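Undergrad: Sequence:
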Amino acid sequence: MDNLPEPHPLAVEHLPGFITAPGQSDGLLNFVIIFLVIAVILTGVFYLKLHSLPERMMHGAHPAQFQIVAVLGLISLLTHNQIFWIAALLLAMIDIPSFLAPLTSMSRSLHRMSIAPARRGRRAAPPEAEITEDAPAPVTTPVTTADPVEGGRG
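Those letters in the sequence shown? Residues -8 to 145, by this note's numbering.
To be clear, the hints were calculated from the coordinates, so they are not data collected in a lab.
Be aware that one or more of the hints could be misleading.
[To be verified] Listed next, with one range per pair, are the computed distances between beta-carbon atoms:
#1 11 - 68: 26 to 34 Å
#2 47 - 94: 26 to 34 Å
#3 89 - 20: 57 to 65 Å
#4 50 - 99: 51 to 59 Å
#5 34 - 92: 16 to 24 Å
#6 27 - 7: 39 to 47 Å
#7 90 - 24: 28 to 36 Å
#8 36 - 100: 30 to 38 Å
#9 23 - -2: 21 to 29 Å
#10 68 - 106: 36 to 44 Å
#11 94 - 36: 27 to 35 Å
In this text, all values refer to a predicted model and were calculated from it rather than measured experimentally.
Built from N, CA and C at the ideal position, the CB exists for glycine as well.
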């Protein structure tokens, strides 16, 4: 027939398909090894994708807030304390208003207002010189200034 050894006299007549003959390759073991390697890799990829969710939510947002979320995510990854990941997720979900932007805008506007008369070639009137209906308006003389921003025009 096919040169198979005789089964043991106490063995059952029908053996399951995953039992192999001596010296043969075990197909079920090979399948389980491949399946477990793929499952471990996919589980790791899923864990890292889920772990980087707060950082991906913050991508392109405020740089300081993004850095805080990234540090919280890294701390939670290294310490396995999930409270840091939850804090990073909550911080990524809220939009913290920028308190510096209005102050920057005000300072730029004040700077432009302070140099505007010099750019137009006039002196600003001193604060104590008020124009009344009786008094004639003060005469201003044109002042030429070399402004590096406007190419030296006066």
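Undergrad: Flag every earlier hint the structure violates by its number, smallest first.
TA: 1, 4, 5, 6, 7, 8, 10 and 11
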